[in-house]
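A.B. asks: Sequence:
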Amino acid sequence: MTIYRLKNFLSFVRIYFNFVLRLVCYFFILISVFYCSDDKDLEKKYNQALEYYSANKRQDAIDALKSIYSKDPEFRDSGFLLGKLYYYDLKFPEANHYFEEIRERNPEDLDALLWLIKTSFAQKKPPEKILEMTKEFLLKDSTQLEVLYIAGRMYESQNIMDKAIASYSKAVLVSSAVEFSHERLAEIYEKARIPEKAKFHRGMYNILHSKLLPSSEPVDSEKEKKQNTSKPTRKKKK
Numbered sequence: 006m007t008i009y010r011l012k013n014f015l016s017f018v019r020i021y022f023n024f025v026l027r028l029v030c031y032f033f034i035l036i037s038v039f040y041c042s043d044d045k046d047l048e049k050k051y052n053q054a055l056e057y058y059s060a061n062k063r064q065d066a067i068d069a070l071k072s073i074y075s076k077d078p079e080f081r082d083s084g085f086l087l088g089k090l091y092y093y094d095l096k097f098p099e100a101n102h103y104f105e106e107i108r109e110r111n112p113e114d115l116d117a118l119l120w121l122i123k124t125s126f127a128q129k130k131p132p133e134k135i136l137e138m139t140k141e142f143l144l145k146d147s148t149q150l151e152v153l154y155i156a157g158r159m160y161e162s163q164n165i166m167d168k169a170i171a172s173y174s175k176a177v178l179v180s181s182a183v184e185f186s187h188e189r190l191a192e193i194y195e196k197a198r199i200p201e202k203a204k205f206h207r208g209m210y211n212i213l214h215s216k217l218l219p220s221s222e223p224v225d226s227e228k229e230k231k232q233n234t235s236k237p238t239r240k241k242k243k
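Counted from 1, the sequence shown has number 162 at position 157 by my numbering; the numbering is strictly sequential.
It should be emphasised that the hints constitute simulated quantities derived from the structure, not laboratory data.
Certain hints may be false.
What the hints assert, rightly or not - Below are the SDA-like pairs computed for lysine to any residue, each with C-alpha atoms no more than 20 Å apart in a straight line:
1) Lys-140 - Leu-150
2) Lys-76 - Leu-95
3) Lys-134 - Asn-164
4) Lys-168 - Pro-132
5) Lys-71 - Arg-110
6) Lys-140 - Ala-127
7) Lys-130 - Glu-106
8) Lys-71 - Leu-47
9) Lys-145 - Met-166
10) Lys-130 - Glu-192
11) Lys-71 - Asp-46
12) Lys-145 - Tyr-173
13) Lys-202 - Arg-189
14) Lys-202 - Ser-174
15) Lys-196 - Lys-168
16) Lys-45 - Asn-61
17) Lys-145 - Ala-171
18) Lys-168 - Ser-147
19) Lys-134 - Ser-162
20) Lys-175 - Ala-191
21) Lys-130 - Leu-95
As the list claims (entries may be wrong) - Beta-carbon label-pair distances, calculated as ranges:
22) Lys-62 - Asp-167: 32 to 40 Å
23) Lys-204 - Gln-64: 36 to 44 Å
24) Ser-72 - Phe-205: 35 to 43 Å
25) Gln-163 - Pro-200: 35 to 43 Å
26) Gln-163 - Ser-215: 29 to 37 Å
27) Gln-128 - Ser-72: 22 to 30 Å
28) Glu-109 - Lys-129: 17 to 25 Å
Where is the CB? At the ideal position from N, CA and C, for every residue including glycine.
Start from the sequences and build out the full structure, keeping to the hints where you can.
C.D. replies: Below you can see the structure in the form of structure tokens.
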């Protein structure tokens, strides 16, 4: 009798376990279907936002990206693109908000830090705060021209001329290195009879040779806003 009851109990446990297991499987299937569907919707909106931006429909692009960001702040580069769109619309506090949120989630994000520096510079925030950010950035990437330039401006504003000179000088050296690297690449490709690449690097050399530093300050302007019609994506890491 005891063995019979034990068999019944084990049979019940097995049936119950299988039932629970099926429920769990169904639950995960439903969740997967839901998230896959949601991801497809977000992807569609994201691509639509890029199309709006390319067509210079900035507000439509912002609305689409904000809809994405409210559902998933880490979906693709939605927050980063929102920040850039607001920056080019001269809405620096709004841009600052998104770049700061990205930095809070990922303190190592140099792209977000670069744009925080640019928005802070455009808003004329205290030089001490901007210099703190430029120092952090230059510890990880000491060749970023805009950051070197902004650091130089901040040192100038505080009458720290030796550091201003050092910052500007580094920017000139970096620019010169890029310039002459293009020249050497052009000559190499010309000798190798690869005219397309030779032409590209010769063109870049000619452009850089005419101006060692950017012709305009790294702050926004109406001209920059109109000219910036390409997709606002991050630079790919090499």
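A.B. asks: Does Lys-168 lie within 20 Å of Lys-196 when you go C-alpha to C-alpha?
C.D. replies: Since the Cα atoms of Lys-196 and Lys-168 sit roughly 42 Å apart, the hinted pair is violated (cutoff 20 Å).
A.B. asks: Within 20 Å, alpha carbon to alpha carbon, are Lys-168 and Ser-147?
C.D. replies: Holds. Lys-168 to Ser-147 sits at ~14 Å (cutoff 20 Å).
A.B. asks: Compare the distance between the alpha carbons of Lys-175 and Ala-191 with 20 Å, and conclude whether the hinted pair is satisfied.
C.D. replies: Judged against 20 Å, a Cα distance of about 24 Å means the pair is violated.
A.B. asks: 36 to 44 Å was suggested as the range; check whether the CB atoms of Lys-204 and Gln-64 agree with it.
C.D. replies: holds, 39 Å
A.B. asks: Are Lys-76 and Leu-95 close enough, with their CA atoms no more than 20 Å apart?
C.D. replies: violated, 26 Å
A.B. asks: Quick one: are Gln-163 and Pro-200 within 35 to 43 Å, going by C-beta?
C.D. replies: Since the Cβ atoms of Gln-163 and Pro-200 sit about 50 Å apart, the hinted range of 35 to 43 Å is violated.
A.B. asks: Is the hinted range of 29 to 37 Å satisfied by the C-beta distance from Gln-163 to Ser-215?
C.D. replies: 32 Å Cβ-Cβ, so the 29 to 37 Å window holds.
A.B. asks: Does Lys-130 pair with Glu-192 here, judged by a C-alpha cut-off of 20 Å?
C.D. replies: violated, 45 Å
A.B. asks: Mind checking the hinted window 35 to 43 Å against the Cβ distance between Ser-72 and Phe-205?
C.D. replies: Roughly 39 Å apart at Cβ, these two residues keep to the hinted range, so it holds.
A.B. asks: Taking 22 to 30 Å as the hint, is the beta-carbon distance of Gln-128 and Ser-72 inside that range?
C.D. replies: holds, 27 Å
A.B. asks: Holds or violated: Lys-134 and Asn-164, Cα atoms, limit 20 Å.
C.D. replies: holds, 16 Å
A.B. asks: Would you check the hint for Lys-145 and Met-166, treating anything up to 20 Å between C-alpha atoms as holding?
C.D. replies: Answer violated: Lys-145 to Met-166 is near 23 Å, above 20 Å.
Checked against the numbered hints above, the structure breaks hints 2, 9, 10, 14, 15, 16, 20, 22 and 25 and satisfies the rest.
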